[in-house]
Structures are given as structure tokens and as C-alpha cells.
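Start from the sequences, fold in the hints, and give me the full structure.
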Amino acid sequence: MNTLLPKSAGVGFKPKHIHEVLSGPSDTSWVEVHPENYMGEGGLPHQNLTQVRANMPLSMHGVGMSLGSADGVDQDHLSKLVALVDRYQPTQVSEHLAWSHWNQVFLNDLLPMPYTTESLGLVADNVSRVQDALQRPILIENPSLYIQFEGNEFSEAAFFNSLVDRTGCGLLFDVNNLYVCANNLKFNAQEYLDELRIENIGEVHLAGHSVETLATGSELLIDDHGSKVCDEVWSLYQSLVRRLGDAIPTLIEWDTDTPDFSEMNAEAKKANKAMMSALDLDTAA
Amino acid sequence: MTTSLAEIQKTMAEGLLHHKNDGIKQFLSDGQEDLDARISVYRNNVFYSLSNALADLYPVVQELVGQEFFRALANRYVRMYPPAQAAMVYFGEEFPDFVEQDKACAELLYLPDVAKLELARQRAYHAADIESLTPEAMQEVGVDRLLQSCLTLHPSVQLLSSSWAVRSIWLAHKGDQPKFEDIDLFQGQQSILVRPAYEVLVCAVDLAAMALFAEIAKGAALGAAIETAFEQYPELDVTQALALGFSNGFFTDINFQQE
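Top to bottom, those sequences are chains A and B. Per the numbering used here, residue 20 is the first one in the first sequence, and the count goes up by one each step. Per the numbering used here, residue 16 is the first one in the second sequence, and the count goes up by one each step.
The set of hints was computed from the structure by calculation and includes no laboratory data.
Dumping the calculated PhoX-like pairs for lysine-lysine here, alpha-carbon to alpha-carbon at most 25 Å:
no., chain 1, residue 1, chain 2, residue 2
1, A, Lys26, A, Lys288
2, A, Lys33, B, Lys189
3, A, Lys205, B, Lys40
4, A, Lys247, A, Lys33
5, B, Lys35, B, Lys25
6, A, Lys35, A, Lys288
7, A, Lys35, B, Lys189
8, A, Lys247, A, Lys35
9, B, Lys25, B, Lys40
In C-alpha cells form, the structure reads like this:
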């Protein structure tokens, strides 16, 4: 996969960090935004995004396209995304393997779906429709899951491999989500990576999660993007980088209780070092 | 025979919104423990993210009723008016009307108007960017010729008349003057909100000027707008009202009539 973003660390952009992001240099070489936050007509959000875009590469990571919705992609939402992509010309556009709306009700969460032939056909049609409208391939992110459907016909990795074949999309691989799913649904993360065609990965996400102890005593990991990346996710990330054999654009997400920019940037710096050390490259320089 | 994706999504959407887990469980594989807790993660995400979005839009309403009360109010609102689209910029439009109808809010008579002010602020904040005319433009044209024209309002302009002191209540909860205990709540207030640059201005206007701007907002030519406002408010000070409008960026264009 040809990666478009810099093969180094970026962070999720927060308006409160605007001055630090613009004042650079830092260990953060690109930023990512949710396009939904810029779907108003004007005002400060657009002023901020214009300045950020002029300063460093931008990734637009959608959370509202609902690519898994059985009633299809919302044309109004797609038109708004097309207008934003035309206006800001982001380096990369991505979305999620999830659904959020049913019958004109938008639930504002990334909801799961069974991995069946029906789902694959439907998601592939929706992805193709978005890619045709944007006139570019997009990356699709793996979900964090808390439940497992009966009647799955594919493993998640096989589902993604087929989706890439059908649509020409790439993958946005969230290492924390893999870690969360492997724990919550009891599977082996390395076996997942064995099956996934990782050469299709164009971007990686890293984030923190919280741990909830359930009534039966087992632990459920909640993907809340509310803390530092944990040690286990860092080592899973390094094993992915080793498998890739190359540096990869890597985003630090921190959306709940977002700290000062310096702390976000420290995580970005850690990602750059982890990437280099996984590749046995000297980072002293 | 597997269940169709449409059926699963219909059941999940309704089950998450209305706290029904049994329908959702029938689609899930056996052997998973704590299914209710697992499904709750999704339900919490839905209600938590949407009530946060509502609290971001209505911070003063939240302060007036307290966080716990606001969460419950927001949850009731989400069930009745779930968002129709993904951009949260457009979520919460029915909230002022909802608050007006909500029984638990019935004693706080000014609450719906505070919500209307916060919604007007949100609309002004996200309105299109167009450059406003300056007070110099008014001087150049002169009041006499201006009276023959039709003024175009800036897209961010929002008019709000209230029989409560909503602007003072709102300002008091932003930490500005006046203090809440010093406000005469029953003193009605007229406000015009506008965002000529990146900050939303909340301008105080009297009843007469409000009547004038309401006519302009309807698209009336300035002469006709003044006439209508005068009938109701003979005390209308046209020059002062227009000066207030031009100095706060209310107008984007002056169109002269053909006649």
C-alpha cells in the first residue's frame, strides 16, 4: 500500500491545541480531524482548520458515514464530506467498519455487524459509493468490539481482505482496537495479524482504553481514548511494525479528558521511537 | 436461516434507545458471559456522547438545572428527538421546545428562553462567513438614501425576544456581570446575536428597534420597515438603531430600490 501521510507520528487535532500545532516544530508531523466537526457553514472551526491545513499534512477521519448501514450511505452527509474534501484537500480520508444510523436515526456510536456475505456486499457497495464520490480510495478502520454475532461467515481479518479486493480501499489499522477485541472476544491477536493482509495498511491508530470488571469477574476493555497507550499495545504495535518492515503513519488518539499538547506530543515522540526501534534503526540522531 | 442485516440494525437501534436487550441478545453467539454489561457499553456510548453534545450546546441550561438533572433531561430528549444526521452541529434544534413541554422543567419558566438564546448562539457561531458592512458604509450612503434601500442581514443574525431577562441570566452564568441574584428575572429583554468575525456578539436592543429589525429580517424595504415599527413604537430612534446595526456588523449589503 502506498502510504500518503508522513511515515511518522501524528495526533488527533483538538482546537485547544491550535497554538502549539501552529507554532511547531514538534514530534508531531501531521494531524487528523473528524470531518463531522467541520460540517457547519463557517466560523472559527473553519478558520482553525484552514490554518492547520496550511501548516502540516491533514487526515480526515470520518465517524459518521455509517458504511455498514443496511439502508445505505446518507447522500446529504456524503455531499458534505465531498465539499470538505474539495475545500481542504486532505492527504488521506478514512472511515470505520461500523454502522450508526437506522431509518433516519443517527446513534452517534460505531456499532458492530456480523461478518457475513450479505454484510460484505453491502459494505463494499457503500465504500465504493463513497470512493466514487470522493474520486479517491479511502482507508477503513477495524472496530473495537464488545459483543460477537452468531452466524459470522468470515473472520474479521478475512472480511477486510475481501473488502480490499472488492473495492480497492486500504486499511486503517487500530492496534488498540485489536488488543481490546482480542481480550473481549477471546482470540489471539498474533493469529489475527497472520491472517490480515497487512500490506494494505496505510495508517495506524494508537489510543488508550479503560478496564471494567464485570459481574462474573472477567475484564471488559473499553475503547475510550481517554489515557496513554498501554505497554501491551505498544508491544503489539512494535510487532506489527516489524511485520510491515517499514515505518507507517501512526496517529495518537486522545479524545476523552484530552491533556495538554505537550503530553500528546510526548506520545507521538514515543511512537516515533517505538517505530524506529522495532525496525532496528538508530534514533539517536 | 440467518437474520438480515436490516432486521439486526432495526432491533439494535430500538433496543439501544429504549433499553431492551432481549431482542439484541438473540443475534449474539452463545457462550459470551455478561451480555447485558456488554450491550450496555454501546448504550452508554450513545447516551453519553449525545448528552455531552447537548451539554456543549446548552451549558447555561445545564448550570441552571444542575448536571444530574440535565443528564436525565438529555436522555429523555435523545429518546424523543434522536439526531437525524451525523454532524452534531445540527443536533439539539428541538431542545428549547422540548424543555418548554417537559414537566420536570415546568417551574423554571425562563428555561426555554435561555435554551433559545443558546441555540441562537450556536446558529450564529456556525453561520456562513460573509464580510459585514462597516459604519463608514452607512455614512457614505447617508441616512436619506438608506431609507430608499433594502438591507441584507448577515447570515449569522438571530433575533430573540423574551419576556424574561434571559440575556442577563446567560451573562451571569458565563461569569460576567450582572450577578444572578441582582437580576430582575421578570424584566423582558430583546437580543440580537451576530458573528461578524469569529466571536458571537449578543447585542441588547429595545422593543422599538427589535420591531424594526424584525421587519428587515422579513425582507421589508427599510422605509416600510420603519413605518411598521413606528405604528407600534412611536419612540423608535431610527438613526440610533441603524448605527447599532452597522457598528455590530448586522448588514452585508445595501440594495437600492428601482423606484
